[in-house]
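K.L.:
Spelled out from the first residue to the last, the chains are:
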Amino acid sequence: MDWEAVIGLEVHVQLNTQSKIFSNAPAQAGQAANQQVSLVDLAMPGVLPVLNKAVIEKAIRLGIALAATINQKNVFARKNYFYPDLPKGYQISQMDLPIIQGGTLSVAIGTLQKTIDITRAHLEEDAGKLLHNNQSGLTGIDLNRAGIPLLEIVSEPDMRSPEEAVAYARTLHKLVTWLDISAGDMEAGNFRMDANVSIRKKNAEKFGTRREIKNLNSFRFLEEAIRYEIAWQINCLEQNKTIEQATVLFDEKAGKTCAMRSKENAHDYRYFPDPDLLPMIISDEQIENVRRAMPKLPDTIKAHFINTYHLSDYDASLLTAQPDIATYFEEVAAISQQSKLAANWINGEFLAYLNKQHIACSETTISAPALAALITKIAEGKLSHKLAKQVFDKMTTSALSVDQIIQQEGLENITDSDEINQWVTEVIANNRSLVQQFLAGKEKTLNALVGQVIKRSSGKANPNQVQNILRKHLAKSAK
Amino acid sequence: MIAMIHATLKTLSSYLANKTLSSVELTQAFLAQIDQFNSTLNAFIAVDYDKTLLEAKVADKRLAKGDFHPLTGIPIAIKDLFCHQGWKTTCCSTMLKNFISPYDAHVVEQCKKTNMVILGHTNMDEFAMGSSNEYSCYGPVKNPWNTDFTPGGSSGGSAASVAARLTPVALGTDTGGSIRQPASFCGITGLKPTYGLISRYGIIAFASSLDQCGPMAKTAEDCALLLNILAGFDERDSTSLARPFEDYTHHLTDSINGLKIGLPQEYFSEGLDPKVSDLIDKALKALTELGAQIVDINLPNTHLSIPAYYVIAPAEASANLARYDGVRFGHRASHYNDLIDLYEKSRAEGFGQEVKQRILIGTYVLSHGYYEAYYLKAQKVRRLIANDFQAAFEKCDVIATPVTPTAAFRLGERQNDPIKMYLSDIYTISVNLAGLPGISLPVGFINKLPIGMQFIGNYFAESRLLNVAHRLQQATNWHNQQPNL
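From first to last, the protein sequence lines are chains A and B.
Our numbering numbers the first residue of the first sequence as 1 and each following residue consecutively.
Our numbering numbers the first residue of the second sequence as 1 and each following residue consecutively.
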């Protein structure tokens, strides 16, 4: 039997605004319990929600990036249910009129490109957290998270495999961090995924009954959970058992999905427009302002890098992981006119140093012109790659320029042919067997000879030059 | 002493300004009244002599400095749903009996900024749901004119306290008539302003799209003076309106010559006690003698207002009262087996019968399969009712109506007939649904019980309403009557 998996994802993205969505409590993570809670977050009698306008711009940015419709009139609704992490007994969300409708996301799955349709994205407030450990047998309630702004992004059920789902999730994750609307820290819960999974016979028109896997916080668990669920559902169907609609959780240790108690499934949320909040009206001007201030999207820049700088797909991908890196690369490439070298150095040494020092590209002390200067030296043959690394290391810890470091450390490449000729002669004289092997046809021994010359130069001789001079001498020897 | 407790705000203000009287003396006079009469009337459910006298002393210091407001040093009573820092704010419900508010409502802040002296919290129907002040965990309020009768509700305590001279002015709230109807039953003046004029921040919510705070006093002029410090934009309430400052006393004495007063046919039909329509006629006559003209108008969707209200208000209330779950504050059951049990027992024990009833209705009309037929439909009907008024205001400047079909009813009379209780809201409810301002003032007595009439204005027409009421009060004497306590 040919089965087809049908997968849709609902992703809750925490927006990186300063304050919460409906209260002025700070929205920064990591504080001790209940330190970032206002009267509004506590749902004290008599308090009222006030919209933090900063969330609007972030939502619009996503809408533009997804080529979605921005609903210029959109409405907040109350989603009613009782739970201790939900102080008001309702969550302020959006129902009939969400801020974003439709849209598409282009996803690379291996070498293929697939367009995933977005159903909608809406604004809502996050709930608090329940703590069960170290609470003397009670359940603790931490409301720091209550009221943090969320953008819930719902995809159409367009994905057909765990790989596609993960690719979509990764692409979306990159997009929201690229757009600077979320910090995207998955361990901190900035990006939480629910997967809707159903199975049907290939070429069937109708969808099968879907089960929803809730609260997946890593791409790895997303993939594992979906894979398990697909196999589980197929197994059921092959045994002619019906699949009941259910909400399931992924047990990470056991690697299985299991249904929550059925009581949780039957929720009538009794949505109605929140009378404490006015409908949000977004003007054309507002949207235009956001559009003008938008960074170019990663795929656009990547294509540009491939076409203009002739970079490989791999290199271009790495350079467009973050907008700062892409901008940095362009500047270095423009000044040095060495796009390939620039790509190698940024994707290699530069990124490694950023990671090691735990700093962002915007915080580096190595300016783009400075890195460009280093690369230029390499291109001009004035510094070997090995020496350039030494110079770079010095640049990471000092404020000296490339020239200053080269001078200070005496690292200037030796390009004086006389000196090199001298060393080459000496090396040939002292390595008769290697020379014989080379002349007999073993090309590889040349490297050893080059190495010896470089050694005599204390690493300062230009390797290409050494090679050329060696070949000339050896050619003479052959005669 | 006697004169003090009957005096209007202007008089008291001038006495305080020229040092004839101190705020402490004035406050003590009202505290003495409360001492003497509150055990009978049960209008106040919380009084703190020390705190209050301290506020009076602070007011006196400010008065001595010479830098004060017309209302500085004047005592005021506030309904027990205005969050008041450091005081129990209970909505007269078992659910909040132990709730000490950590903050002040916007309107309480405004009173404090002016250095008014808060005498205490007045009794009310639990969570503002009721029209007789019989649904209070602290027991009913008695009508000062006849203690066998209700003072009306839900701001029964505030109305009774003004009528009985336990306070010169009071704050109430009005969701379906809860200022205007008790004002009528107690022979005082009460104003519900345009929705959004006064910030709801700190007012414990009943129905978010209907609730409004308003002044309750002996005269329209006093209401105007109080409105001046209550109205105004508050960024903490998203439904609060930003408008240029208006002095609501400015047009009190304007001529009403040529003023068109609309009489809605639907409001003067069967069900209205002929004695009531008679008193209203007399009042209208006094106004026509001042140059006003009567115009017949229609509000054809009037009959839909009660069903619409009793769908919308409970729906909003069912969500607004969900936070009372025994988890963070308020009443929590002493024994429970699990989370659901905690919720069920705490709410069963904490809420009174009427509140539970409305939560059930509200939950029902929002539920899957019923939302379109009830809640959505009711909101559409609401629009029709608002449109009716707009059409009417093409033909008239203000609309005159009864406030209640009868004078006050006996305590206990309607307890087993909630529908009858709801139906008597017919004259006040449309005003809340449309968000319009409405004022209730006394126009006579029936069997020695006061009866009022209502004027309804278009949006932001408070000054005009106060003007009409003031001119009527200049021509009549009902507002100067006092109960024999």
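Hints are computed from structural coordinates only; laboratory data are not their basis.
Heads up, a few of these hints could be off.
To be verified - Okay, derived cross-link-like pairs now, SDA-like style, lysine to any residue, Cα gap no bigger than 20 Å in a straight line:
1. B:LYS377 / A:MET95
2. A:LYS79 / B:LEU376
3. A:LYS53 / B:ILE100
4. A:LYS79 / B:GLU349
5. B:LYS380 / A:TYR228
6. B:LYS377 / A:TYR269
7. B:LYS377 / A:VAL75
Claimed, not checked - Covered stretches of chain A, as calculated for chain B (at least 3 residues, CB under 8 Å):
8. 276 to 286
9. 298 to 306
C-beta atoms are modelled at their ideal positions from N, C-alpha and C, and glycine is treated no differently.
K.L.:
Taking the numbered hints from earlier one at a time, note which ones the structure violates and give those numbers from smallest to largest.
P.N.:
3, 4, 5 and 9
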